[in-house]
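Visitor: As a plain string of letters, each chain reads:
2 protein chains.
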Amino acid sequence: MSTLPVGPEIEQLLTIISRLPGFGPRSARRIALHLLRRREGVMVPLAEALATAAATVAPCEICGNWDSQSPCRLCEDEERDGSVLCVVEDVGDVWALERSGAFKGRYHILGGLISPLDGIGPDDLNFGPLSQRASAGTVREVILALSATVDGQTTAGYVADRLEGLGLTVTRLSHGVPIGGELGHLDEGTLAAALQSRRDFS
Amino acid sequence: MSTLPVGPEIEQLLTIISRLPGFGPRSARRIALHLLRRREGVMVPLAEALATAAATVAPCEICGNWDSQSPCRLCEDEERDGSVLCVVEDVGDVWALERSGAFKGRYHILGGLISPLDGIGPDDLNFGPLSQRASAGTVREVILALSATVDGQTTAGYVADRLEGLGLTVTRLSHGVPIGGELGHLDEGTLAAALQSRRDFS
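Sequence order for the protein chains is X and U.
Taking the working numbering, the leading residue of the first sequence gets 1, the next gets one more, and so forth.
Taking the working numbering, the leading residue of the second sequence gets 203, the next gets one more, and so forth.
Extracted from the complex, chain X is given alone in its bound form:
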């Protein structure tokens, strides 16, 4: 990339873009050319949208969701059911669950998972406000919507321990065959879980 005779401004742009996930030098060049061709229509608005979002979006003081207001729109939404709290790893999980349209309760975003190997302990995550919220009296059920990985399950166990004695129902997502998934491509663990939690065919 340093062999391109582009000057420091374009080079800096190419360097930053090529380090984004899913990008390499070639795709960085392609998108930089696209942007430079559409300077007023795309490049300037993108720069402004990035700067605005970077300056205004921050974690919600209650749930940890990213929004330009705190409490965030989800915490302020009176239509949502405050008796069910869904604990997730990060904001991407909130977006995914919201797209499913299947959850109308409230969220709590940990901002990561407990990971002893990476040196991430409970104190590095957003646990404090969780106990407060769970013991405030309005919450009836806590859903642990965490990844089915070692770190996810360690974290789920920790949350469950922490909520013990509060008289709450603590649940987790079910394991099983993904919709549209082919059995032949599934790992044994998922198949075993799907068999164990089989349901009446109706």
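Because the hints were derived from the structure by calculation, they are not lab data.
For clarity, every value in this text was computed on a predicted model and none was experimentally measured.
Glycine residues also receive a C-beta, built at the ideal position from the N, C-alpha and C atoms.
Do not take every clue at face value.
Here chain U is said to cover these stretches of chain X; the calculated rule only asks that three of the stretch's residues, wherever they fall, bring their Cβ under 8 Å from a Cβ of chain U [said to hold, decoys possible]:
#	stretch
1	10–16
2	66–72
3	151–157
4	162–170
5	175–186
Place chain U on chain X using the hints.
Guide: Positioned in the frame of chain X, the structure of chain U alone reads:
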């Protein structure tokens, strides 16, 4: 995407990113999450690099290349051979040729191709300065490095006509089998061209 409870700042960002080439709603969400997670380290620098490049980069008054200075670095480079002029469609072609390292002359960027179907005629492209440069006395050869498409060849023919009578050598890139290309996957036109312009095996 409008179902995400993200507020106008993130929504605007998602909208712009999802319209970039190679992006859709899903990849826009992924990269927006990546950026929001690395606000100071990546998102703000990217916003600044985009704004800086958009504000400073402009076409070179001589060749049409994009640079923050005009004449651009390529036109100012005394090491380059001013007797050979390579005519290309756009700046991406300059970048590609520079990466090949095989050309040390100067460039002329048309900023597009003549395309009657799209209503693009010679007056819409950077032809004026080309005749000037070609007739200034320093240029000996003009290489037409244009795409082997209908529009590319129409444009090449137009340039060649325009340069007639100036006593210049006008050349074009050779056609043939791409390096690393498999014969079985090549179209008949390319194969025919590669046969016709076969060379001594040495």
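Visitor: Does each hint hold? Answer for all of them.
Guide: Hint check:
1. Against chain U, the stretch 10–16 of chain X contributes 4 residues with a C-beta closer than 8 Å to a partner C-beta. That satisfies the three-residue criterion, and the hint holds.
2. As drawn, the stretch 66–72 of chain X meets chain U at 5 residues by the rule of a beta-carbon pair under 8 Å; at three or more, the given contact holds.
3. Only residues whose C-beta sits within less than 8 Å of a C-beta in chain U count toward coverage, and the stretch 151–157 of chain X has 0 of them, not enough to reach three; the restraint is violated.
4. Coverage of the stretch 162–170 of chain X by chain U is violated in this model, with 0 residues showing a Cβ closer than 8 Å to a Cβ of that chain against a need of three.
5. Residues of the stretch 175–186 of chain X lying with their CB closer than 8 Å to a CB of chain U number 0, which falls below the three-residue condition for coverage.
Checked against the numbered hints given earlier, this structure breaks hints 3, 4, 5; the rest are met.
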